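Please construct the entire structure, taking both the sequences and the accompanying hints into account.
2 protein chains.
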Amino acid sequence: MEDLLKQIEQEAKAIRDKILKQQKPTMRFPLRSLSNVKFDAKVGYFEMGRKTKERTLAVATVKTFAQSLKMIAEAKKLIESDDIATKREAYYIAKGWQEAVRFSEQTESDTVLDDIEALFKVNRERLGFVPEEKGGEVAGNLMVIDRDNDTAEDLEIDCTRFGSGAYSIPISVEHLRFQSDARFVLAIETAGMFQRLVKHNFWRQSQCILVSMGGVPTRATRRFIYRLSKDLDIPVYAFVDCDPYGICNIYRTLKVGSGNAAHINKDFCVPRARFLGVTPDDIDHYQLPTHKLAEVDIKRIDDALKNDPFVRHYKEWQNALLKLKKMGVRAEQQAFATHNLNHVITNYLPEKLAQAGAFLP
Amino acid sequence: MEDLLKQIEQEAKAIRDKILKQQKPTMRFPLRSLSNVKFDAKVGYFEMGRKTKERTLAVATVKTFAQSLKMIAEAKKLIESDDIATKREAYYIAKGWQEAVRFSEQTESDTVLDDIEALFKVNRERLGFVPEEKGGEVAGNLMVIDRDNDTAEDLEIDCTRFGSGAYSIPISVEHLRFQSDARFVLAIETAGMFQRLVKHNFWRQSQCILVSMGGVPTRATRRFIYRLSKDLDIPVYAFVDCDPYGICNIYRTLKVGSGNAAHINKDFCVPRARFLGVTPDDIDHYQLPTHKLAEVDIKRIDDALKNDPFVRHYKEWQNALLKLKKMGVRAEQQAFATHNLNHVITNYLPEKLAQAGAFLP
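In order, the protein sequence lines correspond to chains A and B. The working numbering runs 66 ahead of the 1-based position in the first sequence. The working numbering runs 66 ahead of the 1-based position in the second sequence.
Be a bit skeptical, because a hint or two may be false.
[Claimed, not checked] In the DSS-like style, the derived pairs of lysine-lysine whose C-alpha atoms are separated by at most 25 angstroms in a straight line are: (1) B/Lys-104 - B/Lys-381; (2) A/Lys-391 - B/Lys-161; (3) A/Lys-136 - A/Lys-187; (4) B/Lys-365 - B/Lys-381; (5) A/Lys-161 - B/Lys-72; (6) B/Lys-153 - A/Lys-358; (7) A/Lys-161 - B/Lys-358; (8) A/Lys-119 - A/Lys-84; (9) A/Lys-161 - B/Lys-392; (10) A/Lys-129 - A/Lys-143; (11) A/Lys-187 - A/Lys-108; (12) A/Lys-392 - B/Lys-161; (13) A/Lys-153 - B/Lys-358; (14) B/Lys-90 - B/Lys-72; (15) B/Lys-119 - B/Lys-129; (16) B/Lys-161 - A/Lys-418; (17) A/Lys-358 - B/Lys-161; (18) A/Lys-187 - A/Lys-72; (19) A/Lys-161 - B/Lys-391.
[As the list claims (entries may be wrong)] Sample of chain A residues with no beta-carbon within 10 angstroms of chain B, all distances over it, derived: (20) Ala-78; (21) Lys-142; (22) Glu-146; (23) Thr-173.
No lab work stands behind these hints: they were computed from the structure. Computed from a predicted model, the values in this text were never measured in an experiment. Each residue gets a CB set at the ideal place from its N, CA and C atoms; glycine is no exception.
Put into structure tokens, the structure is as follows:
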């Protein structure tokens, strides 16, 4: 936090100094686009390239320039008061500014927040700006240590003691600490499957931490899983549907991130994530009921094979996606219910976990 | 649970007896539509009328009839084994049935589940069938008592000790018990506002339970709030946006339910819910930034004034909606941030709570 405040002061001072010397101040942001992204398996996530864009104070940019500075000042206030503001609240804060620097739409203030995030090369949660929605629930072998905001007392949250309920991940997870004897994190696509595994205490028999992603994981959920994997030094296994969305969107985002937010991938991606399933081979092996691939699914496979640096790096993923395309079907993680409601607990997961070394990368 | 099993056996026996006497068996369901709903403020929620539809075994109905019986048998198994199945899983269970009684789409199995729910006049969660998604988080003066499914040990979940996190409501809440000294439940529309109130331990200063609804509350969230209100004998205050969606959809559903699921309203509606705000008067009084009403907003107001039995019952709501229409604007619960990020905590909520008797009904 101290570092960040210092960084903000330096940036502001540099701009002020330029102005006092009657020079034009500039802010330099990394270019946020797929064309400025690279994937190196040793690093493990999409990295930002070296291309940057510069915003120099001029007639055309004066409003955005001023808005950026004002928003940086708000970030400083948030950090100093240990408070948070959602992107929507940030927009309303700006409604109280002078007419000349107000935003007319939230998309404008969101862009400024993205720029600031990229400028300081930290996730904006550390600047106090948090997303509106979060999702993400947790159960299993994990003690989360938070603190009471009034008394500063440590609060120990034991995720083995939620019964049928769960721990709901906060919007910002920077301050949390963890204790655990878990062997891995199981990141689950649907809330329904999570609920089944919680209901039957699957975490107990397999000594793990269950996390419900609820589709493509939110920033808070990604950051939380990242921190679990790093702090506890354990792998993350993704349990998602066997379809292009589960593979190329949910799993890919969890593991290596996305192109247009590459400046934050370092803090959000989980390079140790591995694909537990469902795989195209599982569809055959477990004789799962399937659905036909839709046009959009096939298009997504073709796109991934052609443009996704992650898929292009791994022959295994190219083969899996090509196999899926040839089979012409997809299967959901709930499909095991056709054999038996708890087949997933008694058969599928134990059988897969016994050969974790063979998971798709 | 015993009662329900008995009811299932009786229903099945009646059908079996008819068949053995070589008569045509029937199942009788309440008609599920707005035309079969009435609102009596003394009851407090939309009630099912007396219209019913009958399904008699015949050539045209034999498949649905058989599917209903098979699904009732699955419900019996779920209750006996204390397990759950999501609607999606129920669909996959049926994939394992004989060809003749399989569903081709999930919409078909969903309809059968709705029928069974109406047939037994209980929410389908008690039959073991749970929704896919749930939402709903809780923080504040509440001890939830759940149990460990393996050891049957009681688990005390203290919602004052989650720090910045929260308790995530399980998909089925029937088995939970509660202890609390809270004076009321504050049901909040957005996850962002919930997070702010949690961050600043608002529940402590106001002695309440905070529940995040995340838009229109899910069945699990509605049932949870209902049970809090009933078991703890405390009122529920809804804190939502001042727009037709917040009023006529979120709040109305929370309090009196919806037309097409009136058979479950008894177990899901919260007649003691009152509208804390944001009200059209608040927009003036707190000088909130607003957005123009869209076409769809105006249409929703007109619809509610004309067709909604709840709005038609309360002159106060008609006046409020007409005022909003005349003002031509709407305001969000985050709009208070324009004054000060925590204005809602230091000013708005305390000022409103001081005059809870004046809340809209």
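Results of checking the hints against the structure:
Proposed proximity of B/Lys-104 and B/Lys-381 is supported: the alpha carbons are some 17 angstroms apart, at most 25 angstroms. The straight-line distance between the Cα atoms of A/Lys-391 and B/Lys-161 is roughly 23 angstroms, inside the 25 angstroms bound, and the hint therefore holds. Restraint check for A/Lys-136 and A/Lys-187: the C-alpha separation of about 18 angstroms stays at or below 25 angstroms, so the hint holds. A hinted pair counts as satisfied when its Cα atoms are at most 25 angstroms apart, and B/Lys-365 with B/Lys-381 qualifies at roughly 19 angstroms.
Proximity of A/Lys-161 to B/Lys-72 is assessed by CA-CA distance (about 61 angstroms); at most 25 angstroms being required, the pair is judged violated. The suggested pairing of B/Lys-153 with A/Lys-358 holds, with an alpha-carbon distance near 20 angstroms, which does not exceed 25 angstroms. With a C-alpha separation of about 15 angstroms, the suggested pair A/Lys-161 and B/Lys-358 falls inside the 25 angstroms cut-off, and the hint holds. In summary, the hint linking A/Lys-119 to A/Lys-84 is supported, as the alpha carbons are separated by about 19 angstroms, within the 25 angstroms threshold.
Taking the CA atoms of A/Lys-161 and B/Lys-392, the gap is near 23 angstroms; set against the 25 angstroms cutoff, the hint holds. Distance hint between A/Lys-129 and A/Lys-143 is fulfilled; the C-alpha atoms sit about 21 angstroms from each other, no more than 25 angstroms. Distance hint between A/Lys-187 and A/Lys-108 is fulfilled; the C-alpha atoms sit about 21 angstroms from each other, no more than 25 angstroms. For the hint pairing A/Lys-392 with B/Lys-161, the CA-to-CA distance comes to about 23 angstroms; that is within 25 angstroms, so the pair holds.
With a CA separation close to 20 angstroms, the supplied pair A/Lys-153 and B/Lys-358 stays within the 25 angstroms bound. Proximity of B/Lys-90 to B/Lys-72 is assessed by CA-CA distance (about 23 angstroms); at most 25 angstroms being required, the pair is judged to hold. Proximity of B/Lys-119 to B/Lys-129 is assessed by CA-CA distance (about 17 angstroms); at most 25 angstroms being required, the pair is judged to hold. Restraint check for B/Lys-161 and A/Lys-418: the C-alpha separation of about 23 angstroms stays at or below 25 angstroms, so the hint holds.
Taking the CA atoms of A/Lys-358 and B/Lys-161, the gap is about 15 angstroms. The hint holds against a cut of 25 angstroms. Simply put, A/Lys-187 and A/Lys-72 have alpha-carbon atoms about 14 angstroms apart, close enough for the 25 angstroms limit, and the pair holds. Our distance criterion of 25 angstroms between C-alpha atoms is met by A/Lys-161 and B/Lys-391, whose separation comes to about 23 angstroms. Separation of A/Ala-78 from chain B is adequate, the least Cβ-Cβ distance of about 21 angstroms exceeding the 10 angstroms criterion.
Chain B leaves A/Lys-142 outside its interface by the beta-carbon criterion, the shortest separation being 14 angstroms against a cut-off of 10 angstroms. Its beta-carbon lying about 13 angstroms from the closest one in chain B, A/Glu-146 satisfies the requirement of being farther than 10 angstroms from that chain. Here A/Thr-173 stays apart from chain B, with its beta-carbon at least about 14 angstroms from theirs, past the 10 angstroms limit.
Checked against the numbered hints listed earlier, the structure breaks hint 5 alone; every other hint is satisfied.
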